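Visitor: Each residue of the sequence shown is one higher than the one before, starting from 1486 at the first, in this note's numbering.
Treat each hint with caution, since some may be false.
[Said to hold, decoys possible] Derived CB-CB ranges, DEER-like:
#1 LEU1556 / MET1594: 41 to 49 Å
#2 LEU1598 / LEU1571: 38 to 46 Å
#3 ILE1526 / GLN1593: 37 to 45 Å
#4 CYS1581 / PRO1601: 28 to 36 Å
#5 SER1496 / PRO1601: 52 to 60 Å
The set of hints was computed from the structure by calculation and includes no laboratory data. Here the structure is a predicted model, which is why all the values come from computation and not from measurement. Here a beta-carbon is modelled for each residue, glycine too, at the ideal position from N, C-alpha and C.
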Amino acid sequence: SLFQISTRARSYFLSFWNLIDAMAVLLALASTIVMRSYFTILETGLEETTFLRGLLAITTGFLWLRVLSLLKAINIQLATFVLAILQITKDILWFCVILATLVVSFSQMFFTLLAPASCAAGDSSEWCKST
1486 SLFQISTRAR
1496 SYFLSFWNLI
1506 DAMAVLLALA
1516 STIVMRSYFT
1526 ILETGLEETT
1536 FLRGLLAITT
1546 GFLWLRVLSL
1556 LKAINIQLAT
1566 FVLAILQITK
1576 DILWFCVILA
1586 TLVVSFSQMF
1596 FTLLAPASCA
1606 AGDSSEWCKS
1616 T
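From just these sequences and the hints, can you work out the full model?
Guide: So, in structure tokens, the structure goes:
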């Protein structure tokens, strides 16, 4: 009986929408703390907030997924559509991994073939530094 409760609790906490909710709350809290430290404690300007902008962009995405979760609970037709999109995404994940591996491997091969020999000899030109 205790094993069933722990198994159900684990599956509840590891479900997709509960993970989205937890990440949204944690990222919102982290964004608030980082914003407070950037603008009050460190007194930095807006030009030095690259990390903060990235954190806020990720937080915004998770908060919109949380809104989608709420809308899914309200409308049954939207719930069916969202679940279908999630299933398609899960099915295509391994295809995307293989495709990304192929793209990276071919880009590495083309870089090896097309890089000038002076870069391998230790040339410090701007093109060699940027690649």
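Visitor: The structure should be examined with respect to each hint, and the outcome stated for every one.
Guide: Here is what the structure says about each hint:
1. LEU1556 / MET1594: 41 to 49 Å: 45 Å, holds
2. LEU1598 / LEU1571: 38 to 46 Å: Between LEU1598 and LEU1571, where Cβ atoms are some 40 Å apart, the hint holds.
3. ILE1526 / GLN1593: 37 to 45 Å: Between ILE1526 and GLN1593, where Cβ atoms are some 43 Å apart, the hint holds.
4. CYS1581 / PRO1601: 28 to 36 Å: Since CYS1581 and PRO1601 have Cβ atoms about 33 Å apart, the given range 28 to 36 Å holds.
5. SER1496 / PRO1601: 52 to 60 Å: 56 Å, holds
The structure fails none of the hints (numbered hints given earlier).
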